[in-house]
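> Now for the letters of each chain:
There are 4 protein chains.
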Amino acid sequence: PGIRALADYERLAADLMPPASWTYLQDGTGDGLTVAQNRIAFDRIGLLPRILPDLRNATTQLDLFGQRHAAPILLAPVAYQRIAHPDGELATIRAATAMGCGMILSTLASVTLEETAAARAAAAPGLGAPPAALWFQLYMQEGRADTLTLVRRAEAAGYEAVVLTVDASIKRTAFALPPGVEAVNLRGIARPAHTSQVLGPILFGTPLAQTTPRWEDLSWLRGETRLPLLVKGVMAPDDARLAIEHGADGLIVSNHGGRVLDGMPAAIDCLAAIAAIVGERMPILVDGGIRRGTDVVKALALGATAVLLGRPQVHALAVAGVAGVAHALLMLRSELELAMAQLGCTTLADITPDRLTPLR
Amino acid sequence: PGIRALADYERLAADLMPPASWTYLQDGTGDGLTVAQNRIAFDRIGLLPRILPDLRNATTQLDLFGQRHAAPILLAPVAYQRIAHPDGELATIRAATAMGCGMILSTLASVTLEETAAARAAAAPGLGAPPAALWFQLYMQEGRADTLTLVRRAEAAGYEAVVLTVDASIKRTAFALPPGVEAVNLRGIARPAHTSQVLGPILFGTPLAQTTPRWEDLSWLRGETRLPLLVKGVMAPDDARLAIEHGADGLIVSNHGGRVLDGMPAAIDCLAAIAAIVGERMPILVDGGIRRGTDVVKALALGATAVLLGRPQVHALAVAGVAGVAHALLMLRSELELAMAQLGCTTLADITPDRLTPLR
Amino acid sequence: PGIRALADYERLAADLMPPASWTYLQDGTGDGLTVAQNRIAFDRIGLLPRILPDLRNATTQLDLFGQRHAAPILLAPVAYQRIAHPDGELATIRAATAMGCGMILSTLASVTLEETAAARAAAAPGLGAPPAALWFQLYMQEGRADTLTLVRRAEAAGYEAVVLTVDASIKRTAFALPPGVEAVNLRGIARPAHTSQVLGPILFGTPLAQTTPRWEDLSWLRGETRLPLLVKGVMAPDDARLAIEHGADGLIVSNHGGRVLDGMPAAIDCLAAIAAIVGERMPILVDGGIRRGTDVVKALALGATAVLLGRPQVHALAVAGVAGVAHALLMLRSELELAMAQLGCTTLADITPDRLTPLR
Amino acid sequence: PGIRALADYERLAADLMPPASWTYLQDGTGDGLTVAQNRIAFDRIGLLPRILPDLRNATTQLDLFGQRHAAPILLAPVAYQRIAHPDGELATIRAATAMGCGMILSTLASVTLEETAAARAAAAPGLGAPPAALWFQLYMQEGRADTLTLVRRAEAAGYEAVVLTVDASIKRTAFALPPGVEAVNLRGIARPAHTSQVLGPILFGTPLAQTTPRWEDLSWLRGETRLPLLVKGVMAPDDARLAIEHGADGLIVSNHGGRVLDGMPAAIDCLAAIAAIVGERMPILVDGGIRRGTDVVKALALGATAVLLGRPQVHALAVAGVAGVAHALLMLRSELELAMAQLGCTTLADITPDRLTPLR
Ligand SMILES: Cc1cc2nc3c(=O)[nH]c(=O)nc-3n(C[C@H](O)[C@H](O)[C@H](O)COP(=O)(O)O)c2cc1C
Ligand SMILES: Cc1cc2nc3c(=O)[nH]c(=O)nc-3n(C[C@H](O)[C@H](O)[C@H](O)COP(=O)(O)O)c2cc1C
Ligand SMILES: Cc1cc2nc3c(=O)[nH]c(=O)nc-3n(C[C@H](O)[C@H](O)[C@H](O)COP(=O)(O)O)c2cc1C
Ligand SMILES: Cc1cc2nc3c(=O)[nH]c(=O)nc-3n(C[C@H](O)[C@H](O)[C@H](O)COP(=O)(O)O)c2cc1C
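Going down the list, the sequences are from chains A, B, C and D. So the mapping is simple: this note's numbering equals the position in the first sequence, first residue as 1, plus 11. So the mapping is simple: this note's numbering equals the position in the second sequence, first residue as 1, plus 11. So the mapping is simple: this note's numbering equals the position in the third sequence, first residue as 1, plus 11. So the mapping is simple: this note's numbering equals the position in the fourth sequence, first residue as 1, plus 11.
Check the hints yourself; a few may be wrong.
What the hints assert, rightly or not - If you want the footprint, here are the derived chain A segments under chain D, 3+ residues with CB under 8 Å:
id: 1; stretch: 31-37
id: 2; stretch: 230-240
id: 3; stretch: 271-282
id: 4; stretch: 334-344
Claimed, not checked - Under the rule of at most 20 Å between Cα atoms (straight-line distance), these lysine to aspartate or glutamate pairs were calculated in the EDC-like manner:
id: 5; chain 1: B; residue 1: Lys182; chain 2: B; residue 2: Glu193
id: 6; chain 1: A; residue 1: Lys182; chain 2: A; residue 2: Asp42
id: 7; chain 1: B; residue 1: Lys182; chain 2: A; residue 2: Asp42
id: 8; chain 1: D; residue 1: Lys182; chain 2: D; residue 2: Asp42
id: 9; chain 1: C; residue 1: Lys182; chain 2: B; residue 2: Glu193
id: 10; chain 1: D; residue 1: Lys182; chain 2: D; residue 2: Glu166
id: 11; chain 1: A; residue 1: Lys182; chain 2: A; residue 2: Glu153
id: 12; chain 1: C; residue 1: Lys182; chain 2: C; residue 2: Asp65
id: 13; chain 1: D; residue 1: Lys182; chain 2: C; residue 2: Asp65
id: 14; chain 1: C; residue 1: Lys182; chain 2: C; residue 2: Glu153
id: 15; chain 1: A; residue 1: Lys182; chain 2: D; residue 2: Asp65
id: 16; chain 1: A; residue 1: Lys182; chain 2: A; residue 2: Asp361
Worth flagging that the hints you see were computed from the coordinates, not collected in a lab. The beta-carbon is built from N, C-alpha and C at its ideal position, and this holds for glycine as well.
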């Protein structure tokens, strides 16, 4: 049957992807409490529409760091996209460009950041649209020189922002990458490892724990680049404050899609407290469980400037490559417009907290 | 086995109706959150009876806009009833007349509004009962002249009120009407369409979004007819206020049976706040999820003057035509009397908020 | 396997009883919301034990209207017990007598009230125990003379109290009694009937609704008998007040096991508010969903003097007759002692509200 | 496939253990409400991480009664471990020693307390680690002399603390121990019994109820030993106060794994109120439902000094003997380190209540 919602791509991708890849993509850590929260939280937020609005100048457009976005929806950094489709991140950036949506390329992309930037440049003119935003998601490397190399490459390739992910410095996975898929951007960079001698240190005291990034590393990074710098993985209001003090230009409220520490609340449930602290000072993005246009509206009503889409981009990529991702973005934006119209919101600024009401 | 409750008609209709029609009838939009809320909300409202009442003058009668109703139950406007039964709306009005219950005919009825009015007139005398109320549900048309034509026709045919539905100006459906079923009242009226060129506007900027009705259209309509004018689809208290200011004579609290914007709260959960604003100024009706006599009681205790019944009329129509709808109304009214008796309420006015208590 | 709890009798009875009888016994009215509440409410009440108590003088004994009860557990009035076992209420009273627990005989018993009293008298001596309490549950009859006849018969037969049930004057059932089972105590008494002519009155205006008992009937009854008079079916605090004013000597908080008005809260959830009004003035009993010794403790902690057991007596009766009912009472009392010991309660008076805590 | 979490051992043990033993091990009392609460409660507690922490000196070490523990995790007293594995408690103490985790031996151990102590002594040197803590869990016996004999034996064998369990003096079980498994430490000690003559006393008035331990017995015990004395089974804040007054050196908040009184709240839900009363005066341990490193963190954030692990040790023992238990402890400690790292906690003292947040 037809594909009418992001959930349809998820359903189809479940059959198409090899089980190990599917598990890697979908599963949360631990008992999946946080993955579940990410959805439950959205489903409990109710929408209270206003009737008979004037929709004649309605628009979903957004300006972010001086760049135009067709809608407040970006593609979240998701590693190793060639797991889902041979073209991997190249397909994704082409779809994003076609739809006027921004994309954040992962440090662990399975395509080089230069190739991705080139694919954007190549796709844009044919579409008669301005190139969509392309940001680089950074994982700090053990050596600062290695980190800096990544940042310089991103700057050189024309990326418009750096997103420093701070919530996954220590993360466990049992997934063995399929042959031919690897973190190509990290070729030649040493990565710290767990010690696993029996009766030796488990995590604390191992090189891994000794070298995780600290606040001082954020300050250092801030001093090294002129690109806008966003911190991804902020959940506590006090960390939002610290991130601002250490030079962040934007925050991404995220629990990493429930993949890191099980028991974290839904990102959407942490948003309002952070928005209260940040105010109008900088953009706040949020991700985790966004699957519907109504979810986008809920996030914006709670203080988000825009949202990121994680797993659904991979579902669509697995099912139909570039066309799938473009279609997924189209459906989501279309649902967003419909929801705004039905709520009586003409612009993103109309999406205020008084449109929300708790559900049973 | 026997048909003892509206749910039995639903069960039977599920087997009788073609799957596509059934899906169209039953489904909510999106993930069905709001459809579910409409029932969950009723099920969580508890009833606290008073004992040893004097039931000797008990009655369920109600006067609305100067017309007598046997019970505070009307048939909601439901489009295209010939999907369920060849007689469609004609069967429905006959059943309503027999039971002394009002009916609201949809703009999208599959029978003309004139024929429906004629069927009422023909049925009433044989029943020895005064004709039941017949109201016309209006969807504003792209051109005001077309809208006015509909209103004039309804006035001429003897409809006693106009119900302007404001919550479904933009609504998506994938349902293809079966052959022979159409919106006969709209023959000859142009309807706006979505633009669906790829990379063109999705909704915002299309003719559809440019022409949705606005508050000024309500004022205009108010000036055009002397019939009582109800606004259907009010959920926010501020909109109740605006509707009154713009000339409404009655409000219908409704989320359109969960068919428009997923994530809306149950209509019953929005009722009390609106009743607090409206007070005794005008009747307030509510629909969405009414399936039991106890639900009617709960609605009235929360401030409703009467309730509308949506899908169940179609279930009964599909199963047994005019007899089904009449029987469904009889069962509901019978449950209402039983509930009132057991609660110790003699008249509708006895159904006060102190009879309610939250359930676990 | 073994029978270790009341639930085991329920399980076994489900297989033994004819489906129609089982449905009649078990089902609640409407959608079963209230039946469910009766259990959910108990399951959400938590128990907070105190440790290292002195249990040397522990006892579950209770004095009620001057009569000794082995435990604060009585058998609720349940109609037509010969549905479950040929000996019907005779088996039940024998079991109650053996266990020192009181029994309340229904007006709708399938054995005469005189035979039941005789069975108690015959059983007691052999057991070397004082006869257990035997009360008569009264449904008011259409004519006061008929009602009075019942009361006089109960007085003459040695019943120690009258329980006037006020919550089921109008109650629907579709159950056809099996051959040989009838309300023998009502032989010769006329019973009002529903009018069911189509388009005639449904309930309001029928003889049934015209003759339901009113507060004045309670006052009248109070004047007619010197037996303690309990009112069964009180749920609203204001009705508790009125019942006291009209001469009640005891109250039974009950929703009739969820069999009358669907949507009523759990009886246990209405208890505390009523206890707050009644104070120490008179005994308060409660029923609905009592299945465990811990439920008895919860009821007492919330202000009950004792509890009634409804359906479980019939389950045990169906499975094993007199031995079953006696065993069921033994298990429940045994669980009660265990719970009291583990909670650190030596007497019923030790079971105070501070032993309760909400569960998740 | 692989064993990655304690739940995997549970799954495997379910297939390996005989059904009767499995039921004995797993089941809670009554309807299992409390067993369920023990897990539900943890799953509803959310964790709010802080980002970019300095993990260079991170450690899970803990000093308790002057002894070093590798992690704040001890093995709870669990009776009759030879049910699960022929080596029983000997395997368990070897695993605990290998992992630097303490163990509490049950009075009802299926191996003598002297053999257990000897096994610890024998295992420690080979591991090059200091011997892990070994405490003795005491059930008071009917005669004080018998109780004292147990305590003296534990002292002589080098146990470092006595844990008096007060919540299971009266507890029902229908489990028949398999041949060859018995409470070897109680050989030659008389045990009180239930009276079960029909119509005789059930529990109250039997020898069992007459001899349950009382507060005065705690005072007496306190005077008899110089070992640290912990009271296991405290749930009410007032009992915490009394336990301190009667000489306890530590408290264990526990509902005995839901095996005693059904309806008790989760132990974790009683912890904070007790911690508020105890303050820094003494260690507070908690058990019941600990299955994940994140559960350990939640317990510590709510005021626990350490946690006990009950059933999971038996699951691992049944599956893989000493290696299983050691591996289970390793996994749990490893999860704990991971959780602390991801939460940004460097030491146990960093695990403060502000890291918690309710989940939906
Ligand atoms: C398979 C997968 C890989 C991911 N890889 C990265 C990554 O490399 N860097 C990063 O910052 N976030 C990564 N994330 C997290 C996403 O950026 C995003 O926070 C998350 O997926 C949002 O939740 P959602 O999947 O429910 O939309 C990954 C998520 C998934 C599912
Ligand atoms: C199949 C269907 C068609 C409907 N058509 C209309 C309509 O034409 N006009 C309108 O105002 N409401 C329409 N409604 C909404 C109903 O009037 C009513 O608000 C809703 O069905 C009430 O919820 P219920 O079905 O749970 O009783 C329709 C509902 C259904 C189910
Ligand atoms: C089959 C059945 C018949 C009953 N008959 C009577 C009755 O004749 N009179 C009455 O006062 N209550 C009657 N009751 C209600 C019980 O007295 C009692 O209130 C109820 O069963 C308690 O709930 P429980 O069944 O959950 O314990 C009846 C209940 C059942 C299940
Ligand atoms: C099979 C079994 C036997 C137990 N035996 C004892 C015992 O002898 N003494 C004691 O104090 N607690 C005993 N307990 C309770 C445990 O010490 C502990 O409180 C409980 O198991 C913790 O819950 P958990 O199993 O969910 O981790 C036993 C528990 C189980 C499951």
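> Looking back at the numbered hints, which does the structure fail to meet, lowest number first?
1, 2, 4, 7, 9, 10, 12 and 16
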